[in-house]
Amino acid sequence: MAVIVLDRAPSIALGKHTVRRGRRVADTAATWVICGVFGLALIPLVSLLWTAVSRGLSRLDADFFGNSMRGVVGAGGGALHAILGTGLITGATIVLSVPLGIAAAIYLVEYGRGPFARAVTFLVDVMTGIPSIVAGLFAYTVFSMVFGPGVRSGVAGALALSLLMIPVVVRSSEEMLRLVPDDLREAAYALGTPKYRTIGKIVLPTAISGIVSGSMLGVARIVGETAPLLLVAGYSDAMNYNLFSERMTTLPVYIYQQWKFKGADVASYDDRAWTAALVLIAFVLVINLASRLVAKWFAPKTR
Amino acid sequence: MPKAIEIASLNAYYGSFHAVADVSLTIAPRSITAFIGPSGCGKSTLLRTLNRMHEVIPGARVTGSVLVEGQDVYGSGVDPVLVRQRVGMVFQRPNPFPTMSIKDNVLAGVRLQRRRLSKGEANSVVERSLRSAGLWTEVRDRLDKPGASLSGGQQQRLCIARAIAIEPEVLLMDEPCSALDPISTLAIEELMAGLKATYTVVIVTHNMAQAARISDKTAFFTIDGARKPGRLVEYGPTAAMFSEPNQQATADYIAGRFG
Chain A
1 MAVIVLDRAP SIALGKHTVR RGRRVADTAA TWVICGVFGL ALIPLVSLLW
51 TAVSRGLSRL DADFFGNSMR GVVGAGGGAL HAILGTGLIT GATIVLSVPL
101 GIAAAIYLVE YGRGPFARAV TFLVDVMTGI PSIVAGLFAY TVFSMVFGPG
151 VRSGVAGALA LSLLMIPVVV RSSEEMLRLV PDDLREAAYA LGTPKYRTIG
201 KIVLPTAISG IVSGSMLGVA RIVGETAPLL LVAGYSDAMN YNLFSERMTT
251 LPVYIYQQWK FKGADVASYD DRAWTAALVL IAFVLVINLA SRLVAKWFAP
301 KTR
Chain B
304 MPKAIEIASL NAYYGSFHAV ADVSLTIAPR SITAFIGPSG CGKSTLLRTL
354 NRMHEVIPGA RVTGSVLVEG QDVYGSGVDP VLVRQRVGMV FQRPNPFPTM
404 SIKDNVLAGV RLQRRRLSKG EANSVVERSL RSAGLWTEVR DRLDKPGASL
454 SGGQQQRLCI ARAIAIEPEV LLMDEPCSAL DPISTLAIEE LMAGLKATYT
504 VVIVTHNMAQ AARISDKTAF FTIDGARKPG RLVEYGPTAA MFSEPNQQAT
554 ADYIAGRFG
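These protein sequences, in sequence, are chains A and B.
First residue of the first sequence: 1, per my numbering; consecutive thereafter.
First residue of the second sequence: 304, per my numbering; consecutive thereafter.
Be a bit skeptical, because a hint or two may be false.
Stated by the list, open to error - Subject to a maximum C-alpha distance of 27 Å in a straight line, what follows is the list of computed DSS-like cross-link-like pairs (lysine-lysine):
{"no.": "1", "chain 1": "A", "residue 1": "Lys296", "chain 2": "A", "residue 2": "Lys201"}
{"no.": "2", "chain 1": "B", "residue 1": "Lys422", "chain 2": "B", "residue 2": "Lys406"}
{"no.": "3", "chain 1": "B", "residue 1": "Lys422", "chain 2": "A", "residue 2": "Lys301"}
{"no.": "4", "chain 1": "B", "residue 1": "Lys448", "chain 2": "B", "residue 2": "Lys306"}
{"no.": "5", "chain 1": "B", "residue 1": "Lys499", "chain 2": "A", "residue 2": "Lys201"}
{"no.": "6", "chain 1": "A", "residue 1": "Lys301", "chain 2": "A", "residue 2": "Lys201"}
{"no.": "7", "chain 1": "A", "residue 1": "Lys195", "chain 2": "B", "residue 2": "Lys499"}
{"no.": "8", "chain 1": "B", "residue 1": "Lys448", "chain 2": "B", "residue 2": "Lys406"}
{"no.": "9", "chain 1": "B", "residue 1": "Lys499", "chain 2": "A", "residue 2": "Lys301"}
{"no.": "10", "chain 1": "B", "residue 1": "Lys448", "chain 2": "A", "residue 2": "Lys296"}
{"no.": "11", "chain 1": "A", "residue 1": "Lys301", "chain 2": "B", "residue 2": "Lys531"}
{"no.": "12", "chain 1": "B", "residue 1": "Lys448", "chain 2": "A", "residue 2": "Lys201"}
{"no.": "13", "chain 1": "B", "residue 1": "Lys531", "chain 2": "B", "residue 2": "Lys499"}
{"no.": "14", "chain 1": "B", "residue 1": "Lys422", "chain 2": "A", "residue 2": "Lys201"}
{"no.": "15", "chain 1": "B", "residue 1": "Lys406", "chain 2": "A", "residue 2": "Lys296"}
{"no.": "16", "chain 1": "A", "residue 1": "Lys195", "chain 2": "A", "residue 2": "Lys262"}
{"no.": "17", "chain 1": "B", "residue 1": "Lys406", "chain 2": "B", "residue 2": "Lys306"}
Unchecked claim - Across the chosen pairs, the derived CB separations fall in these ranges:
{"no.": "18", "chain 1": "A", "residue 1": "Arg292", "chain 2": "B", "residue 2": "Asp382", "range": "39 to 45 Å"}
{"no.": "19", "chain 1": "A", "residue 1": "Pro115", "chain 2": "B", "residue 2": "Arg530", "range": "46 to 52 Å"}
{"no.": "20", "chain 1": "A", "residue 1": "Arg118", "chain 2": "B", "residue 2": "His509", "range": "37 to 43 Å"}
{"no.": "21", "chain 1": "A", "residue 1": "Lys296", "chain 2": "B", "residue 2": "Asp447", "range": "16 to 22 Å"}
{"no.": "22", "chain 1": "B", "residue 1": "Ser427", "chain 2": "A", "residue 2": "Tyr196", "range": "25 to 31 Å"}
Note that these hints are calculated values from the structure, not bench results.
Since the model is a prediction, treat every value here as computed from it, not as a measurement.
For glycine and all other residues, C-beta sits at the position ideal for the given N, C-alpha and C.
I would like the entire structure built from these sequences, with the hints used as guidance.
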């Protein structure tokens, strides 16, 4: 045995040596290529962040968060009304789309069989691809038919955004519900549990962390929408606390307006636009981080 | 002979596939009955018809009758949810609820049925069930830890505790040890010998030594080929089945000549 081992050992080492060199070269090359491509992809992102931060910092002051644009024509003013509008419209969108989206996902995963379920899945797919301006036009049409032409309100904006958010919520919730093992449903049934309680007490709590973080990513998706809101929520310089009447501004629309309709004092309009952009980016970042935390909190514990 | 379960000309289907053909047998109360046979012979399917878990799978259906303590579980107007409260089940793979603590897992059945328990009652149900499942001494000081923190064998005993916490009349076990190591298997076998005093136990197993060790009666099933339905070959006292079976097929299977 010892002879055989001695006899074979050098040839194995030799083979290893040659294989190793080729593999090492390929490995190094691949590592550099991948890192290089990653670096390339980072350039626009870093550049965008840098621009937003460097140009947005100058107006990141108490005035910006304490004032609306009412009566402001030059320097000063702020985006409090737009921040309020973003909060209200986003909140209303969540109220409209999250329950509906989760309910649709529960239907598709737990009850849906046959042609109707397939139709729902197909329509959700179609909704995912709706251009946001079309969602805006739809909401505009619905509200014009009910309240007369040209009506603008925050809730109309929320309706338009819901059309964009519902498919995201349905899709992510559906994925999460499908990840719940059938073993758990069977365990609950075998304990003499009706189906609706199995879903409410076992399936949803098991999937809730994924559903919540998926929904929050849906929020991140719609919080930057501009086009549909320009159509149906309009633009206002002043505070509007009422979702159901009058125009309401959100941060993206605010940025657009500051950029597009500059007064004589061009620089202060530009500064406000960049600061609003920075605040919006920060908002999306916070939502993303929060969704990770929420996923962690709700995730089933194993220790 | 008193009868806990009477199965009469039972057929089970998955869509157009006939899985179990014309099985009739009677199971005595407070005994352990083992279903053995090669894979695909319909023994798990038959087990799942006893608490109407078979029909949970889309397209699955059953003909014939199953009487539990004299009441037909397939009678018209019988709610499968209530049947499952009387006929509990333990599955092949341990499946404690991942969102719940050990204690909540034991109480899951009670709570899912919306029965109200005082704190004292709940604690006594937890202790009694965990003691019956032979798990109490191992987990008594960490009842609030997640069920998933236990080992596989402990998780399976937790599932047994969960099943007996709702005090069923019959306990069905679908290969409860096939995912466990020999020591955990031994623990569960010892436990089953104790459970026999209170419950009627029906167990599906691939392990013939296990069937011989623990069961009072054994039913041997087989299939005549792929896509053919499983059928009952022989049913009788375990000792007789393993020493002098009536049928050649049983003798071949037990001797390891096929399957």
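For each hint, the structure was consulted:
1. Between A:Lys296 and A:Lys201, the direct Cα distance comes to roughly 19 Å. Compliance with the 27 Å bound is thereby established for this hinted pair.
2. Distance check on the hinted pair: B:Lys422 and B:Lys406 sit about 12 Å apart at the alpha-carbon level, within 27 Å; holds.
3. Among the hinted pairs, B:Lys422 with A:Lys301 is consistent with the structure: their alpha-carbon atoms are about 24 Å apart, no more than 27 Å.
4. A threshold of 27 Å between alpha carbons decides the hint, and for B:Lys448 with B:Lys306 the separation of about 41 Å lies outside it, so the pair is violated.
5. For the given pair, B:Lys499 sits about 31 Å from A:Lys201 by alpha-carbon distance, which is inconsistent with the 27 Å threshold.
6. Restraint check for A:Lys301 and A:Lys201: satisfied, since their Cα atoms lie roughly 16 Å apart, inside the 27 Å limit.
7. For the proposed pair A:Lys195 and B:Lys499, the alpha carbon gap of about 30 Å is over 27 Å, so the pair is violated.
8. A hinted pair counts as satisfied when its Cα atoms are at most 27 Å apart, and B:Lys448 with B:Lys406 qualifies at roughly 8 Å.
9. For the suggested pair B:Lys499 and A:Lys301, the alpha carbons sit about 34 Å apart, so the restraint of at most 27 Å is broken.
10. Annotation: proposed proximity of B:Lys448 to A:Lys296 holds, straight-line Cα distance about 17 Å (limit 27 Å).
11. Our distance criterion of 27 Å between C-alpha atoms is broken by A:Lys301 and B:Lys531, whose separation comes to about 44 Å.
12. Note on B:Lys448 and A:Lys201: the hinted pairing holds, with a Cα-Cα distance of about 19 Å set against a maximum of 27 Å.
13. The suggested pairing of B:Lys531 with B:Lys499 is violated, with an alpha-carbon distance near 34 Å, which exceeds 27 Å.
14. About 20 Å separates the Cα atoms of B:Lys422 and A:Lys201, which keeps this hinted pair within 27 Å; it holds.
15. Pair hint B:Lys406 plus A:Lys296 holds up; C-alpha atoms about 22 Å apart against a cutoff of 27 Å.
16. Distance check on the hinted pair: A:Lys195 and A:Lys262 sit about 60 Å apart at the alpha-carbon level, beyond 27 Å; violated.
17. Between B:Lys406 and B:Lys306 the alpha-carbon distance is near 34 Å, which puts this suggested pair outside the 27 Å criterion.
18. At roughly 43 Å, the beta-carbon separation of A:Arg292 and B:Asp382 lies within the given 39 to 45 Å, and the hint holds.
19. Taking the beta carbon of each, A:Pro115 and B:Arg530 are about 29 Å apart, not inside 46 to 52 Å as hinted.
20. Here the CB-CB span from A:Arg118 to B:His509 is close to 39 Å, well matched to the stated 37 to 43 Å.
21. As the Cβ distance of A:Lys296 to B:Asp447 is approximately 20 Å, the hint placing it in 16 to 22 Å holds.
22. Hint check: B:Ser427 to A:Tyr196, Cβ distance near 29 Å, so the stated range 25 to 31 Å holds.
Of the numbered hints given earlier, the model fails hints 4, 5, 7, 9, 11, 13, 16, 17 and 19; all others are met.
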